[in-house]
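Build out the structure end to end from the sequences listed, making use of the hints.
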Amino acid sequence: MSLATAAEGAAPQQNWLDKIGAGHVILAVALLLYPLVASDFFLTQIAGYSMIFGVLSLSLMLLAGYGGMLSLAQITVAGIAAYAVAILGSNNSNVLGFGWPWWIVVPFAVAAAAVSSALIGWISVRTEGIYTLMITLAIATATFYFAQQNYAIFNGHSGYAGIHAPVFWGINWRDPKPFYYLCLGLAMLSYAAVLYGSRSTFGMTMQAIRDNPRRMRALGYHVTAHKVFAWFLAGILAGLAGVLLVWFNGRVSPGTIGVDVAIDILIIAVIGGLRHPIGPFVGAIVVILMQTFAIDIVGAERFNTLIGLVFLVIVFVSPDGILGLWGRIKPHLAQESLRAGP
Amino acid sequence: MTENLAANRLQSSGAYALELDGVARHFGALVALSGIDMRIAAGERRAVLGSNGAGKTTLFNAVTGDFLPTAGRIRFFGEDITDLPPHERIRRGLRRTYQISQLFKGLSVLDSIFLACRGVSRRRFSLLRPAADDVNMVQAQSILEAVHLEAHRDALVATLSHGQQRQLEIALALAGAPRFILFDEPAAGLSPTERRDLVAILNALPKHIGFIIIEHDLDVALRVADYVSMMHNGHLFKEGTPQEIEADPEVQQIYLGGKHG
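Residue numbers (this note's numbering), protein chains in the order written: chain A, 0 to 341; chain B, 148 to 408.
If you're looking for bench data, these hints aren't it; they were derived computationally from the structure.
Mixed in with the good hints there might be a few duds.
As the list claims (entries may be wrong) - DMTMM-like mimics (lysine to aspartate or glutamate), calculated; alpha carbons at most 25 Å apart, straight line: (1) K176(A) <-> E300(A); (2) K18(A) <-> D395(B); (3) K354(B) <-> D366(B); (4) K329(A) <-> E166(B); (5) K252(B) <-> E297(B); (6) K385(B) <-> D168(B); (7) K354(B) <-> E226(B); (8) K354(B) <-> D210(A); (9) K385(B) <-> D373(B); (10) K354(B) <-> D230(B); (11) K385(B) <-> D395(B); (12) K385(B) <-> E397(B); (13) K354(B) <-> D301(B); (14) K252(B) <-> D281(B); (15) K18(A) <-> D281(B); (16) K18(A) <-> D301(B); (17) K385(B) <-> E235(B); (18) K252(B) <-> D39(A).
Said to hold, decoys possible - What follows is a list of derived Cβ distance ranges for each label pair: (19) K329(A) <-> A298(B): 24 to 34 Å; (20) Y130(A) <-> E386(B): 37 to 47 Å; (21) V314(A) <-> A298(B): 34 to 44 Å; (22) V314(A) <-> G336(B): 50 to 60 Å; (23) R213(A) <-> H173(B): 38 to 48 Å.
Owing to the predicted nature of the structure, the values given are computational and were not obtained by experimental measurement.
Here a beta-carbon is modelled for each residue, glycine too, at the ideal position from N, C-alpha and C.
Next up, the structure:
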């Protein structure tokens with residue numbers, strides 16, 4: 000697998016525009032101005048939802064792209080944060096609901112997610128490749144059934160409803176525009192953090208462990224500890240996405256953390272591409288658009304077939320996902336512009 | 148020099164970089180190593196010769212802790228390291244290279260060496276990017292020069308030639324103040340020019356760094372080693388100076404053709 004390489008060298012004297020990249024600035028401005036033209040539906044159901052799932056898939060990309068660890072448990076981790084928000088904050092299901100303020104609930108929920116993720120990681124890092132996938136699938140399935148059958152903590156198959164996003168600074172953060180900016184803020188922060196972190200000492204360490212764990216051990220690295228720490232970091236991202244997800248839906252139930260959702264996240268990551276942190280977001284937009292509009296195109300009976308076909312075509316044409324496709328087209332475009340130039 | 152080392156061999160345990168007492172390793176019924184006794188003085192450079200399957204790499208694996216010996220004790224600068232995990236041995240200054248390059252193909256040359264330096268240093272979990280004047284980066288830069296890879300500092304490891312990968316393999320072992328290095332066939336697959344370069348790199352290593360080199364190429368082995376051990380079927384069967392070994396009829400028989408050609 001030729002996954003994330005992050006080999007772009009940084010020359011010392013660059014101005015901030017070069018450092019961030021013109022493409023990033025244009026994209027950020029476009030996303031900031033998007034609410035001017037978009038309807039509420041496109042703001043939340045498409046853009047906001049895509050960014051939540053983008054961050055979730057980004058947590059998978061971090062593990063798989065840089066660490067070589069494929070996980071199906073990212074939605075489980077997000078679900079733990081979502082359930083924590085329902086349990087520690089308030090809900091209208093008359094079960095638990097401590098009524099803590101959001102600024103206490105959110106750190107606790109994210110911490111619970113990150114610690115659970117580290118635990119899942121600690122269990123699964125003794126395996127590799129397909130076996131990691133199987134172990135995380137087992138954990139995701141077990142958590143799903145446990146949540147469905149446990150009434151004391153998870154309130155069984157109905158889960159929790161009536162969970163509200165916070166209201167502060169006179170803004171209800173679940174209103175379309177504030178919620179969009181909330182999602183955008185998280186997406187941009189997560190993306191920037193992963194991009195920066197990929198060239199940090201720890202980021203390089205993970206890529207080296209992915210390429211050759213045995214050599215890393217021989218260089219004095221505690222490989223398991225590094226992998227578990229990567230799971231912890233991925234858990235923070237998944238946890239934050241889980242908080243936004245429960246605010247978005249207003250409810251959380253075993254269906255939120257089902258195996259079908261777990262697979263969706265893997266599909267998003269694979270369709271987008273695992274080579275660069277932008278991949279999960281590209282994949283999320285494509286999959287969310289398909290899931291939303293495939294019904295209009297082919298009807299309720301066949302929309303999953305269409306999604307499956309598109310997935311097959313993308314993976315068949317480019318094993319590196321849409322990013323890989325772009326990577327192959329880009330040199331041709333550059334050639335064209337060279338020819339067109341003076 | 149050889150006489151001095153021979154004299155050292157008789158001194159107390161503290162003068163030895165590496166001492167092996169009756170080290171054995173069995174894989175089921177297969178005896179890969181059997182009763183190896185070896186004393187290597189600090190700063191000594193030893194070649195281990197032997198045909199394929201003689202147990203040379205198994206010997207390295209036992210010393211580095213990649214797997215534990217079935218019997219026997221290993222001491223490193225007087226300390227018993229037989230039961231220590233690999234990374235603890237690394238932190239005491241023991242390094243190795245691999246017969247088949249074990250590199251990080253997705254990283255740049257400089258970053259690889261940087262990680263090797265950071266491995267025995269602190270801040271391994273840092274989420275910050277290392278500054279250009281980071282102490283480990285500066286070390287990496289000088290190691291880069293020691294193995295003649297300056298021109299490829301930012302190249303992806305996957306794009307290096309075989310010879311350059313072998314040089315990087317050595318660079319990773321030089322990181323972080325090594326006291327003793329195990330070189331596992333560093334010349335494998337190198338061209339004659341690259342071999343000369345390798346001999347120059349090995350002979351230019353700081354004098355306090357001792358090493359064992361496994362090498363099939365007698366020319367390379369005899370030009371970098373003070374003393375030679377011969378292995379056959381998991382046994383040490385002869386030791387001597389390069390001249391003695393080269394002239395020994397039994398060695399010629401087993402190693403240089405004869406029945407195992």
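Quick rundown of the hints versus the structure:
no., hint, result
1, K176(A) <-> E300(A), "33 Å, violated"
2, K18(A) <-> D395(B), "65 Å, violated"
3, K354(B) <-> D366(B), "21 Å, holds"
4, K329(A) <-> E166(B), "58 Å, violated"
5, K252(B) <-> E297(B), "18 Å, holds"
6, K385(B) <-> D168(B), "16 Å, holds"
7, K354(B) <-> E226(B), "22 Å, holds"
8, K354(B) <-> D210(A), "33 Å, violated"
9, K385(B) <-> D373(B), "15 Å, holds"
10, K354(B) <-> D230(B), "29 Å, violated"
11, K385(B) <-> D395(B), "10 Å, holds"
12, K385(B) <-> E397(B), "9 Å, holds"
13, K354(B) <-> D301(B), "30 Å, violated"
14, K252(B) <-> D281(B), "23 Å, holds"
15, K18(A) <-> D281(B), "20 Å, holds"
16, K18(A) <-> D301(B), "18 Å, holds"
17, K385(B) <-> E235(B), "31 Å, violated"
18, K252(B) <-> D39(A), "46 Å, violated"
19, K329(A) <-> A298(B): 24 to 34 Å, "28 Å, holds"
20, Y130(A) <-> E386(B): 37 to 47 Å, "46 Å, holds"
21, V314(A) <-> A298(B): 34 to 44 Å, "39 Å, holds"
22, V314(A) <-> G336(B): 50 to 60 Å, "36 Å, violated"
23, R213(A) <-> H173(B): 38 to 48 Å, "22 Å, violated"
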